[in-house]
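Using the sequences and the hints given, assemble the complete structure.
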Amino acid sequence: MHITVIIPAYNEEKTVGEVVKRVLSPHPTLSHGEREAERRVRVLVVNDGSSDRTAQVAREAGATVLSHPINRGLGAALSTGIEGALRLLHNAPQPPLNLIGEEGGVIVTLDADGQHDPAEIPRVIEPILKGGAEVVIGTRFKVSGVRCQVSGIPWARRVANTLGNLFTWLLFGIWVTDSQSGFRAFSADAARRLRLRTSTMEVSSEIIREIARLKFRFVEVPITAQYTPYSLAKGQNFRRGIETLWKLIVLKFFR
Amino acid sequence: MMIQILISILAVIALLGVARNFKKGALSKGGLVLWILVWGAAVVLVWNPAVTNHIAGILGVGRGADAVFYVSIAVIFYVMFRIYGKMENLEHQLSEIAKKFALKDLEK
Numbered sequence: 015m016h017i018t019v020i021i022p023a024y025n026e027e028k029t030v031g032e033v034v035k036r037v038l039s040p041h042p043t044l045s046h047g048e049r050e051a052e053r054r055v056r057v058l059v060v061n062d063g064s065s066d067r068t069a070q071v072a073r074e075a076g077a078t079v080l081s082h083p084i085n086r087g088l089g090a091a092l093s094t095g096i097e098g099a100l101r102l103l104h105n106a107p108q109p110p111l112n113l114i115g116e117e118g119g120v121i122v123t124l125d126a127d128g129q130h131d132p133a134e135i136p137r138v139i140e141p142i143l144k145g146g147a148e149v150v151i152g153t154r155f156k157v158s159g160v161r162c163q164v165s166g167i168p169w170a171r172r173v174a175n176t177l178g179n180l181f182t183w184l185l186f187g188i189w190v191t192d193s194q195s196g197f198r199a200f201s202a203d204a205a206r207r208l209r210l211r212t213s214t215m216e217v218s219s220e221i222i223r224e225i226a227r228l229k230f231r232f233v234e235v236p237i238t239a240q241y242t243p244y245s246l247a248k249g250q251n252f253r254r255g256i257e258t259l260w261k262l263i264v265l266k267f268f269r
Numbered sequence: 005m006m007i008q009i010l011i012s013i014l015a016v017i018a019l020l021g022v023a024r025n026f027k028k029g030a031l032s033k034g035g036l037v038l039w040i041l042v043w044g045a046a047v048v049l050v051w052n053p054a055v056t057n058h059i060a061g062i063l064g065v066g067r068g069a070d071a072v073f074y075v076s077i078a079v080i081f082y083v084m085f086r087i088y089g090k091m092e093n094l095e096h097q098l099s100e101i102a103k104k105f106a107l108k109d110l111e112k
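Here the protein sequences come in this chain order: G and F. Note that the first sequence ends on residue 269 in my numbering; no numbers are left out. Note that the second sequence ends on residue 112 in my numbering; no numbers are left out.
Since the hints were made in silico from the structure, they are not lab data. Among these hints, one or two may not hold up.
What the hints assert, rightly or not - Result set (DSS-like, lysine-lysine): computed pairs, CA atoms no more than 27 Å apart in a straight line:
no., chain 1, residue 1, chain 2, residue 2
1, F, K108, G, K35
2, G, K266, F, K90
3, F, K90, F, K27
4, F, K104, F, K90
5, G, K266, G, K229
6, F, K33, F, K90
7, F, K108, G, K28
8, G, K144, G, K229
9, F, K90, F, K28
Small disclaimer: the values here were computed from a predicted structure and weren't measured.
This is the structure:
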C-alpha cells in the first residue's frame with residue numbers, strides 16, 4: 015500500500031522542509047491500527063522553478079524532488095507530480111488498469127506553505143481506502159451541515175472562495191464547499207484518468223471539472239487550515255482571482 | 005486633410021516594417037500580401053470615404069464610418085481570439101517540456 019504525497023512548491027524554502035518532515039514522521043493516527051510497514055509514504059516535492067533552496071531543503075527533509083527548469087504554475091506542477099507519482103507506483107507509464115484502489119495506491123496533494131496539517135492525511139484518504147470514493151477534497155468549510163473550523167480564515171478569502179465555488183458550479187455543474195482547496199486525495203486509478211491541461215491556479219476547478227466528466231465518486235472531508243502571515247502573502251490575490259475566472263470560462267467554452 | 009496624411013504616413017511606416025520582416029524571412033508571402041491589402045485598404049478608404057458608404061449599403065449599415073467600425077471590431081476580436089488560442093497552446097507545450105525535464109529526475 016503506497017501513499018504518495020505530492021507537494022507543489024515555488025520558493026517555499028522556509029516551510030517546505032517542515033511540511034515534508036511532518037508528512038514522513040510516523041504519526042499515531044497514520045498507522046490506524048495497521049502495521050506501519052504496510053503503508054509506505056513517499057513525498058514528492060515538485061519544485062516549480064524556484065530561485066531559492068526549495069529543492070535542496072525538500073531533499074534534505076527526505077522528499078523525492080522533481081524540478082521544473084522554469085516556473086510554470088500550480089497546474090503544471092500538479093500534473094508533473096501526478097505523472098511522477100504514477101511512474102513511481104508502477105515504474106511504467108501505462109500500468110495494468112486492474113490495479114485500482116488499495117492495490118494501486120493513493121495520491122495526496124498538499125500545499126507547501128504549511129497551511130495544511132499532514133496529521134489529517136489519514137482522515138482525508140480514508141474514504142478512498144474504504145472504497146467509498148475515488149477522489150477526496152479536503153474542505154475548510156462545512157460538510158453536510160457540520161461547520162468546521164472557519165474562524166482562522168480571513169474574510170476576503172471566504173468571499174473569494176464562495177465566488178470560486180459559485181463559478182465552478184455554474185461552469186461545471188458540481189457544488190463543492192471548497193473548490194480552491196489544495197488538500198486532495200485520488201486513488202491511483204482516478205489520478206491516471208485525469209486530463210489536466212491548465213498551467214496555473216485554475217487547475218483546482220479543472221480537477222472539479224474532471225470529477226464531473228469522469229463521474230468519479232467523490233466526497234469532501236473537513237480539514238483545518240492554518241493561516242499565517244506567510245501563507246497569506248503567497249497564494250491567491252484579487253488580480254489572480256480574476257485571471258483564474260477568465261481562464262475557467264475559456265476552459266469551459268473553448269476546449 | 006490631416007487624418008488622410010497621418011494614416012498614409014502610418015501605412016508607409018508599417019509597410020516598411022512589413023517589408024523588412026519579409027526580407028528577414030520572419031513573414032510569409034501570404035502575410036506580406038495580407039498586410040499590403042490591409043494598409044492599402046486603409047489608405048484608399050481614408051482618401052476616398054465614399055467607398056465605405058458603398059460597402060455600408062451592401063452590409064445594410066447606415067453610414068460608411070460605422071461599417072468600418074463594425075468590421076474592424078469583428079476583425080480585432082477574431083485576431084485576439086486566434087492569438088489567445090495560440091498562447092494557450094504554447095503555455096501548455098511549455099508546461100509539457102517542463103514536465104519532461106522534471107521527470108528526468110526520476111530516471112537517475
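Hint check:
1. F:K108 / G:K35: holds, 24 Å
2. G:K266 / F:K90: holds, 17 Å
3. F:K90 / F:K27: Given pair K90 (chain F), K27 (chain F) holds - Cα atoms ~25 Å apart, limit 27 Å.
4. F:K104 / F:K90: holds, 21 Å
5. G:K266 / G:K229: Answer holds: K266 (chain G) to K229 (chain G) is near 17 Å, not above 27 Å.
6. F:K33 / F:K90: holds, 21 Å
7. F:K108 / G:K28: Measuring from Cα to Cα gives roughly 26 Å; hence the hint holds.
8. G:K144 / G:K229: holds, 18 Å
9. F:K90 / F:K28: holds, 23 Å
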